[in-house]
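Trainee: With the hints as a guide, dock the two chains, each given alone in a separate frame, to form the complex.
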Amino acid sequence: MSQSIASQRQSVRYRSRLLQPESERSADTHPLTWRLRDDGEVVWLAEYLRKEGYDSVSKALGNGDPKAIIATLKEANVRGRGGAGFSAGLKWSLTLQGGDMPRGYIICNADEMEPGTFKDRLLMEQQPHLLIEGMILAAYANNSRYGYIFLRGEYLESARVLNRALEEAREAGWLGPDINGSGFDFDIAVHTGAGRYICGEETALINSLEGKRANPRTKPPFPGQSGAWGKPSVVNNVETLCNVPAVILNGADWYQALSGGRTDDGGSKLYGVSGPVEKPGLWELPMGITGREILERAGGMRGNRQLKAWLPGGASTGFLLPEHLDLPLDFDTVGKEGSRLGTGLLTVVPQDKSMVAVMRNLEEFFARESCGWCTPCRDGLPWTVKLLQALELGQGEAGDIELLDKLAADCGPGQTFCAHAPGAAMPLQTALKHFRHEFEQGVTARSKAAEV
Amino acid sequence: MMATTPQTERIIGSDGFQLHPADEAAMRAEAHHYEQPQAASIEALKIVQRRHGWVPDEAIAAIARVLGIGPGEVEGVATFYSLIFRQPVGRHVVLVCDSSSCFLTGFDELKQALVRELGIDYGETTTDNRFTLLPVCCLGACDGAPALMIDDDTYGPVAADDLPGLLEAYP
Chain A
1 MSQSIASQRQ SVRYRSRLLQ PESERSADTH PLTWRLRDDG EVVWLAEYLR
51 KEGYDSVSKA LGNGDPKAII ATLKEANVRG RGGAGFSAGL KWSLTLQGGD
101 MPRGYIICNA DEMEPGTFKD RLLMEQQPHL LIEGMILAAY ANNSRYGYIF
151 LRGEYLESAR VLNRALEEAR EAGWLGPDIN GSGFDFDIAV HTGAGRYICG
201 EETALINSLE GKRANPRTKP PFPGQSGAWG KPSVVNNVET LCNVPAVILN
251 GADWYQALSG GRTDDGGSKL YGVSGPVEKP GLWELPMGIT GREILERAGG
301 MRGNRQLKAW LPGGASTGFL LPEHLDLPLD FDTVGKEGSR LGTGLLTVVP
351 QDKSMVAVMR NLEEFFARES CGWCTPCRDG LPWTVKLLQA LELGQGEAGD
401 IELLDKLAAD CGPGQTFCAH APGAAMPLQT ALKHFRHEFE QGVTARSKAA
451 EV
Chain B
1001 MMATTPQTER IIGSDGFQLH PADEAAMRAE AHHYEQPQAA SIEALKIVQR
1051 RHGWVPDEAI AAIARVLGIG PGEVEGVATF YSLIFRQPVG RHVVLVCDSS
1101 SCFLTGFDEL KQALVRELGI DYGETTTDNR FTLLPVCCLG ACDGAPALMI
1151 DDDTYGPVAA DDLPGLLEAY P
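Chains A and B supply the protein sequences, listed in that same order. For the first sequence, position 61 matches number 61 in my numbering, and the numbering has no gaps at all. For the second sequence, position 19 matches number 1019 in my numbering, and the numbering has no gaps at all.
Extracted from the complex, chain B is given alone in its bound form (with noise of 0.2 Å):
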């Protein structure tokens, strides 16, 4: 945990979530880039969810206030997003394509497999926080297909065969 400042003090939530000085400089940074600060709204959420993994309540008020925009601006944003998440996510995150491709070269199997190997479907966490598992939409990896992502990571082809191992590196 770092220092708290007087700055993020008013804006410490509930739970407990502080925006990080290191995060907020680096949402005042990214919107330079743009006409209007709105614009880094949705880097923003990616800045929070960097650090803590998902973005909280508390955080959406947090960077309404540094950019200057309302709370339910931020809030749309971050609910319309499929990458933002709202709920708490496990340390890794598996993005399995479904899209066309994939569906035509076993994605149904490779499904099957990752649901039997983590013993969760889709929008569930492993027991142990370790996994989340979520649909997601072409990868454009389709020469690669099936492909499916884990993190910052992209693999195809992926047999079922390939799982244990690969998910062993995300420990």
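With the rest of the complex left out, here is chain A (with noise of 0.2 Å):
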């Protein structure tokens, strides 16, 4: 290969990056990210062990009190990171252990496939042994057998990177049987998987991790009561798990004052924004933060484009305003005005751009990556596309918004076994609700004349 091919392949290869120095980091307030290196290498075993590494691991194992876990957890209101924003103590609790019941699993949901969805591979990327931290206090807490790192496929480096982190940790006795002289055994295996974002859904995940088609569950039984091979499962977030080692280190209290009393909600998030800013990136900023801080941190809109909407955390959370960009970006806060904060990651949408192509584009990703298991999201999803393609044409029939707002309605939560369809119809639902001009535009004249 011709050095020039090679340093243009270089030049546009794509790497995770934190846009935020080393010095603006510090154990005390940024527990995600403080490690992090400003070249962006690894923090292997070594150096991670030079920076606290695994200190709550021998902390918590020492103590030999499971229990007390889960109810530091509980305590710091440690919320799932990976949308929905449960209570990972609450989680926990619920997980049946002891008696007769067969020590079961710890899986991470890394299947990280939310569009507009970014952090989870840089935690992966740039700092494995904190998630495998979080893991061991994950199975010692929930008496899990066995951990997954059920990955995405497409994240090959992620899998490269985990891989041999969790060799270094084998090696020094981090997992393995007799865990630190503790007399616990737990071991990690990384699963990768082969496409499709409904892997993410939980029980849809355990389904993929059994070798079967990934079909959602349905709850009850919740993964906590009979979940992989009928044992009791936990499945959680990267970044939720990530959270873990700190909280048990430094106590619910610590957590709780991370986010500076912007909200009830505590602790630290990997917040980021894409689409069309100056400098698109990821920063861990205190929970509650607003979106005018962050876009302001990605330099705001490029060139002179105007704010016309934005997704808060993804692609199944619904539209808010420019007017909604003082808002506290917690869970609580973010669900009152109709959305949901869902992964914390910003993705812009400038005044220039059509909400109805926008919101095609977007139908078209949940109508491909429907499982197909209920009639309203395999049939629904579809045909929400069609409506929306021929509106973007200006195509459009008297009564498709009405039809629209059904379908949306029909797919809404409650209506089918998983929170796919739901996803999708949140940010139709608010599309339709913010910027129904714009769709009523996409019907043609003629058919307006014949309705009056």
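The set of hints was computed from the structure by calculation and includes no laboratory data. Ideal placement from N, C-alpha and C gives every residue a C-beta, glycine not left out. Be a bit skeptical, because a hint or two may be false.
As the list claims (entries may be wrong) - A few chain B positions that, by computed beta-carbon distances, are all more than 10 Å from chain A:
1) F1017
2) P1021
3) D1023
4) A1025
5) R1028
6) E1035
7) K1046
8) A1061
9) P1071
10) V1089
11) R1091
12) H1092
13) L1118
14) G1119
As the list claims (entries may be wrong) - The calculated DMTMM-like cross-link candidates involving lysine to aspartate or glutamate, where the alpha carbons are at most 25 Å apart (straight line), are:
15) K212(A) - E1075(B)
16) K231(A) - E1073(B)
17) K279(A) - E1109(B)
18) K1046(B) - D187(A)
19) K212(A) - E1058(B)
20) K212(A) - D1023(B)
21) K353(A) - D1161(B)
22) K219(A) - E1073(B)
23) K1046(B) - D1151(B)
24) K279(A) - D39(A)
25) K231(A) - D1108(B)
26) K353(A) - D1108(B)
27) K212(A) - E1073(B)
28) K386(A) - D1108(B)
29) K386(A) - D405(A)
To be verified - Partial chain A-side listing against chain B, Cβ under 10 Å, derived:
30) S11
31) R15
32) E114
33) G116
34) F118
35) L156
36) T192
37) C199
38) G224
39) A228
40) W229
Mentor: Following this line, the structure appears as structure tokens:
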């Protein structure tokens, strides 16, 4: 290969990165990222151990009280960072264990595929041991016999880094039999997927882990009661698990204080923004930071474009407007505005982009990624796409918009096994609410006249 | 072509597919990570695909035999997951991200340039069997949008002008 081709390839090769220098990050304020290096190289075991690595495991396994981990996590109110915001401590307290119950599994959901989301990749590619440390604590608290990192197939760099880190941890005795002399046995394997967004749904993920089609399962039973191979299983997102070590080391009060009174939710969060902004990126910020502060860090909109709408945390969250930029981005506040915090990585839509086109793109995604298990999702989403395609071309018929309203309602919560269809409905319903006139412009004049 | 053992002879299909002994061993090793060997079915398909480029029908029966499950179960999985190819593909697979952040930052232009440069659309392979073009769901590279993957490599942001040089690196 010639020099020039090689260098051109390097120049456009994608690299996950945090847009905060080391000088801005400390162990007290940036529990997720303070160890990351400015050069973006992996923090391997030797460096990780120098930076308080595995201290929480020594502490918790030394105490010999798994229930104390759950109590601390509950008190700190660590909420699921995969998007649902469910209390991790509560989830763990509901895992069946003890008595005749066989030991189950801790499964890390690393199937990051929510459009607009690029945070878990950073944690896995540059700091694999924090995730492993979090999983050991989770396994100890939930009495799990084995762990799986369910990683999307496209994250090849994450797989390479994680597998090497697992090997390092095994050699040093942080994984395997009798971890750190505690008598506790636990190990982890990386399980890579082969595509399909639905694998991120926790029960579909378990089916996929078992080597089946990734259709969701009915709940109850919840995975904590009967998950992988019928055993109690805990499924947590990468970022959620990465929060655990510092909480165990520093306590619930410290974690609560991290958000600095911005919100009732504690901790820090990997926030980010993508779309036409000057500097799309990722930062670890206090929970409850505002959209405006994130947008400012990104240098504002690209060129002289104006912000029209934004998704607070991925394709399955509802559209917010510029007037919502000063709200604290926490789970409850965003929920009250008819959206969801989701993954906390913003996607911005500029004024010059048609909302009908944006919605068509989003619904094409949801229609393609539907697993086909439930009728409203399997049939409703392609129908939605067809209507949006017609409206985008100005060939919509009278009644199309009302039909979109109905299809979205039929895909709403409670109509399907999992959250895929409700996730497709939320952006559509909020777009129809805030930008209905744009959709109406797609209905042909002839059709409008006929209606009158 | 490797030597044919009596074991693999039984699973040679009509188009000459043979399960490589090393691949069979890799599948069996993979199955040990799980309570039930079926869990290795997706990885088994990927193992076949790494060697053959795609998964021919005969491989389904071979995998089913190795893992001790029904061919229908393997086929169900093989047809569900988007990164398992059930038709021949080119030597290199281009996966172009068409999700929201890429859509908002130049996906349309990039897609058009790819179609122009390669002379093919989604699901097609160039006549010299060099490239196959497919859409892919959000690559998690949104701060580098628009993004695409060629084989195991992720690129972004990719401008239309970058394409000729990039593609040249995949002969």
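Trainee: Are any of the numbered hints broken by this structure? If so, which, sorted upward?
Mentor: Failing hints, ascending: 6, 7, 25, 38.
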